[in-house]
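Visitor: Dock chain B against chain A, hints included.
Going line by line, the protein sequences match chains A and B.
So for the first sequence, numbering that gives the first Met the number 0 puts the first residue at 0; every next one is plus one.
So for the second sequence, numbering that gives the first Met the number 0 puts the first residue at 0; every next one is plus one.
Hints are computed from structural coordinates only; laboratory data are not their basis.
No experiment lies behind these values; they were computed from the predicted model shown.
All C-beta atoms, glycine included, are put in the ideal place defined by N, C-alpha and C.
Please note that the accuracy of each hint is not assured.
List of simulated lysine to aspartate or glutamate pairs, DMTMM-like, C-alpha gap at most 25 Å [claimed, not checked]: (1) B:LYS62 / A:ASP65; (2) B:LYS68 / A:GLU46; (3) A:LYS52 / B:GLU46; (4) A:LYS172 / A:ASP190; (5) A:LYS25 / A:GLU310; (6) B:LYS55 / A:ASP69; (7) A:LYS55 / B:ASP58; (8) A:LYS309 / B:ASP190; (9) A:LYS193 / B:GLU310; (10) B:LYS208 / B:ASP225; (11) B:LYS41 / B:GLU127; (12) A:LYS55 / B:GLU46; (13) B:LYS309 / A:GLU185; (14) B:LYS62 / A:GLU185; (15) B:LYS148 / B:GLU128; (16) B:LYS68 / A:GLU194; (17) A:LYS309 / A:GLU89; (18) B:LYS25 / A:GLU185; (19) B:LYS25 / B:ASP65; (20) A:LYS62 / B:GLU46; (21) B:LYS52 / B:ASP190; (22) A:LYS25 / B:GLU46; (23) B:LYS117 / B:GLU81; (24) A:LYS68 / B:GLU51; (25) B:LYS68 / A:ASP58; (26) B:LYS179 / A:GLU310; (27) A:LYS55 / B:ASP65; (28) B:LYS193 / B:GLU46; (29) B:LYS52 / A:ASP4; (30) B:LYS52 / A:ASP65; (31) A:LYS52 / B:ASP65; (32) B:LYS193 / A:ASP69.
Derived contacts from chain B toward chain A, CB cut-off under 7 Å, selection only [stated by the list, open to error]: (33) SER16; (34) TYR24; (35) GLY50; (36) LYS62; (37) ASP69; (38) PRO186; (39) SER295; (40) ALA298.
2 protein chains.
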Amino acid sequence: MNIYDLIILGAGPAGMSASIYASRYKINHIIIGNIFDGSVAKAHLIENWLGEKSIKGTDLMMKFNDHIKDFGTNLIVEDIVEIKEEENVEFGRNVFNIKTNNNKTYRSKSILIALGTKHRKLNIFGEEELLGKGVSYCAVCDGAFFKNKIVAVVGGSNSAAMASIMLSEHADKVYLIYRKKPLRCEPIMTDRIKENKKITILYNTNVTKVLGENRVKSIELDNEYDSSKEIKLDGLFIEAGSVPSASLVKELNVNVNDSGYIIINSNGATNIEGVYAAGDITNGSNGLRQIVTAVSEGAISATSIYKYLKEK
Amino acid sequence: MNIYDLIILGAGPAGMSASIYASRYKINHIIIGNIFDGSVAKAHLIENWLGEKSIKGTDLMMKFNDHIKDFGTNLIVEDIVEIKEEENVEFGRNVFNIKTNNNKTYRSKSILIALGTKHRKLNIFGEEELLGKGVSYCAVCDGAFFKNKIVAVVGGSNSAAMASIMLSEHADKVYLIYRKKPLRCEPIMTDRIKENKKITILYNTNVTKVLGENRVKSIELDNEYDSSKEIKLDGLFIEAGSVPSASLVKELNVNVNDSGYIIINSNGATNIEGVYAAGDITNGSNGLRQIVTAVSEGAISATSIYKYLKEK
Numbered sequence: 000m001n002i003y004d005l006i007i008l009g010a011g012p013a014g015m016s017a018s019i020y021a022s023r024y025k026i027n028h029i030i031i032g033n034i035f036d037g038s039v040a041k042a043h044l045i046e047n048w049l050g051e052k053s054i055k056g057t058d059l060m061m062k063f064n065d066h067i068k069d070f071g072t073n074l075i076v077e078d079i080v081e082i083k084e085e086e087n088v089e090f091g092r093n094v095f096n097i098k099t100n101n102n103k104t105y106r107s108k109s110i111l112i113a114l115g116t117k118h119r120k121l122n123i124f125g126e127e128e129l130l131g132k133g134v135s136y137c138a139v140c141d142g143a144f145f146k147n148k149i150v151a152v153v154g155g156s157n158s159a160a161m162a163s164i165m166l167s168e169h170a171d172k173v174y175l176i177y178r179k180k181p182l183r184c185e186p187i188m189t190d191r192i193k194e195n196k197k198i199t200i201l202y203n204t205n206v207t208k209v210l211g212e213n214r215v216k217s218i219e220l221d222n223e224y225d226s227s228k229e230i231k232l233d234g235l236f237i238e239a240g241s242v243p244s245a246s247l248v249k250e251l252n253v254n255v256n257d258s259g260y261i262i263i264n265s266n267g268a269t270n271i272e273g274v275y276a277a278g279d280i281t282n283g284s285n286g287l288r289q290i291v292t293a294v295s296e297g298a299i300s301a302t303s304i305y306k307y308l309k310e311k
Numbered sequence: 000m001n002i003y004d005l006i007i008l009g010a011g012p013a014g015m016s017a018s019i020y021a022s023r024y025k026i027n028h029i030i031i032g033n034i035f036d037g038s039v040a041k042a043h044l045i046e047n048w049l050g051e052k053s054i055k056g057t058d059l060m061m062k063f064n065d066h067i068k069d070f071g072t073n074l075i076v077e078d079i080v081e082i083k084e085e086e087n088v089e090f091g092r093n094v095f096n097i098k099t100n101n102n103k104t105y106r107s108k109s110i111l112i113a114l115g116t117k118h119r120k121l122n123i124f125g126e127e128e129l130l131g132k133g134v135s136y137c138a139v140c141d142g143a144f145f146k147n148k149i150v151a152v153v154g155g156s157n158s159a160a161m162a163s164i165m166l167s168e169h170a171d172k173v174y175l176i177y178r179k180k181p182l183r184c185e186p187i188m189t190d191r192i193k194e195n196k197k198i199t200i201l202y203n204t205n206v207t208k209v210l211g212e213n214r215v216k217s218i219e220l221d222n223e224y225d226s227s228k229e230i231k232l233d234g235l236f237i238e239a240g241s242v243p244s245a246s247l248v249k250e251l252n253v254n255v256n257d258s259g260y261i262i263i264n265s266n267g268a269t270n271i272e273g274v275y276a277a278g279d280i281t282n283g284s285n286g287l288r289q290i291v292t293a294v295s296e297g298a299i300s301a302t303s304i305y306k307y308l309k310e311k
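Chain A extracted, bound-state conformation (with noise of 0.2 Å):
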């Protein structure tokens, strides 16, 4: 069976970007992975990579995607089910099997971890039940059929401003729900919910429940807002943060930090021979986790990884 030099899990930016010094070191490579299947897919707007003012998510992956295929690398979509270190004599070194949904193995003598983020979720009565009934974590995905609806956005951070902008171009009415006080988005994104008349923020405030029977018809807050602590609504927008998605690698033994992010060293380099990771699910460049910081660390580890198999 073919061995590959190489194989990306995930093809989000920090990925693609690997995959780009990849091909220009010639490192013999695969990505398995979904392009539209991460949070730049899934943003409405980008407006901080550099060179684009302004441009819909799903564009700015589709262009990362045209360049790797110009280099004719093969991006693989299939779902990862399983990643198995295995002792290889021959190679004088451990080798990756990736096992996908397809019930195809792919083998590689390093791996580079790019699988990013997920969304974080609430936890709460009614938000299981309801999912796709009213509930979703993706705006860009679902907000178009909330028109002159009234939905409600869940969180504080960029990620829920531009949910919350991005849904007033649809709904008649956007609750921005956060549970502290102020807002911990950027400030001109602050200042564009404030002058966003469709818009109305209720700071201090969790949702505790969701109810609705096959639709969501409410929610119930912890706190008052005119008088009520139940809002009625049509959608429910959870934007409340993310985690790594590194529930894959926990097999491979596989260092995190407190909070599940990979630990890297500068190199792009886990814990575990032939192991990289880069992107949001690191804790690299210093947590700030954005287009550019992913990029970044992608290019790096496929230096790193390049080294590592011309030397071995």
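Guide: Here is chain B on its own, set in the frame of chain A:
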């Protein structure tokens, strides 16, 4: 006199990216620099900026410039001649005075040094005398003057490889002269060089003299090529690496490493309060020094500066 929150020194990718983030944080700032002065603008083609398969260095810089202009940021195209720190009781912190060749002084509460690198000289006989008369440090700037001529490139890096390829589009013959073997450029570049019939590589060879009066006539080597230590040619392009442009910041007592690069921590901060650095001039990003690493460092520094200005 107006005191800015931040002055960004340098208008390359690091400075530009920092400016985008500074604008989003609503940090009152300016940039002092020239977008056509840095190593990106002098690159023939950029093929590793994710999303752009192949773009001229100047075109990429124009895209970056359009982005910062969209925020209304003031880019001051003047040469910096002096940077001085001054005690300022009013602000409870030191203030930086930046003098330019235009006899102006700009003041700010923090600075970001993003001045990049400059080309390294060979320091050989004739190099200085024949500069602009056949000797050049910029193939992109001067290459077109050598149509149907014979030229040599000194160096083994990606820049040297790119310069050789670019020059082969104009010149009849290009010698690529490198003091070691093999070339230290990316494998994809080595392939392209070897496929190019106009380019001849001379390994393990140093150029010791540039000869000619008013115009370059020939160069002298320390090893024979084709039974001679002299090669007749019309142009010599020196691509012998780069050195950090840190001379301006010496007076600030910013710590630099043995190679002269500014030492930053994971915040992008230097040892001097209020002084941050980003991009090729720093020891960050594992020494990779690419556009992707520069924009990442710029974003990280701007974020740290935002916190610094708020806290103090």
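Visitor: Now look at each hint and say whether the structure bears it out.
Guide: These are the hints, each one checked on the structure:
1. B:LYS62 / A:ASP65: Holds, at about 19 Å.
2. B:LYS68 / A:GLU46: Distance of about 13 Å is within 25 Å: holds.
3. A:LYS52 / B:GLU46: 21 Å, holds
4. A:LYS172 / A:ASP190: 18 Å, holds
5. A:LYS25 / A:GLU310: 15 Å, holds
6. B:LYS55 / A:ASP69: 17 Å, holds
7. A:LYS55 / B:ASP58: 22 Å, holds
8. A:LYS309 / B:ASP190: 17 Å, holds
9. A:LYS193 / B:GLU310: 24 Å, holds
10. B:LYS208 / B:ASP225: 18 Å, holds
11. B:LYS41 / B:GLU127: Since the Cα atoms of LYS41 (chain B) and GLU127 (chain B) sit roughly 20 Å apart, the hinted pair holds (cutoff 25 Å).
12. A:LYS55 / B:GLU46: 23 Å, holds
13. B:LYS309 / A:GLU185: Holds - the C-alpha atoms of GLU185 (chain A) and LYS309 (chain B) are around 13 Å apart, at most 25 Å.
14. B:LYS62 / A:GLU185: 24 Å, holds
15. B:LYS148 / B:GLU128: 21 Å, holds
16. B:LYS68 / A:GLU194: It holds: about 23 Å lies between the C-alpha atoms, which stays within 25 Å.
17. A:LYS309 / A:GLU89: With Cα atoms ~16 Å apart, LYS309 (chain A) and GLU89 (chain A) stay inside 25 Å; holds.
18. B:LYS25 / A:GLU185: It holds: about 8 Å lies between the C-alpha atoms, which stays within 25 Å.
19. B:LYS25 / B:ASP65: 18 Å, holds
20. A:LYS62 / B:GLU46: 13 Å, holds
21. B:LYS52 / B:ASP190: 18 Å, holds
22. A:LYS25 / B:GLU46: The given pair, whose Cα atoms are some 14 Å apart, holds under the 25 Å limit.
23. B:LYS117 / B:GLU81: Answer holds: LYS117 (chain B) to GLU81 (chain B) is near 18 Å, not above 25 Å.
24. A:LYS68 / B:GLU51: With a Cα-Cα distance of about 12 Å, the restraint between LYS68 (chain A) and GLU51 (chain B) holds, given a limit of 25 Å.
25. B:LYS68 / A:ASP58: The hint holds at about 22 Å.
26. B:LYS179 / A:GLU310: Holds, at about 19 Å.
27. A:LYS55 / B:ASP65: 18 Å, holds
28. B:LYS193 / B:GLU46: 19 Å, holds
29. B:LYS52 / A:ASP4: 24 Å, holds
30. B:LYS52 / A:ASP65: Holds: LYS52 (chain B) and ASP65 (chain A) sit about 8 Å apart, inside 25 Å.
31. A:LYS52 / B:ASP65: 8 Å, holds
32. B:LYS193 / A:ASP69: 21 Å, holds
33. SER16: This interface hint holds because 5 Å falls under the 7 Å limit.
34. TYR24: Interface hint status for TYR24 (chain B): holds (6 Å vs cutoff 7 Å).
35. GLY50: Given a least distance of 4 Å, the restraint on GLY50 (chain B) holds.
36. LYS62: 4 Å, holds
37. ASP69: Check passed: Cβ of ASP69 (chain B) comes within 5 Å of chain A, closer than 7 Å.
38. PRO186: The hint holds - PRO186 (chain B) has a Cβ within 7 Å of chain A, the shortest such distance being about 4 Å.
39. SER295: With a minimum Cβ separation of about 3 Å from chain A (threshold 7 Å), the hint on SER295 (chain B) holds.
40. ALA298: With a minimum Cβ separation of about 5 Å from chain A (threshold 7 Å), the hint on ALA298 (chain B) holds.
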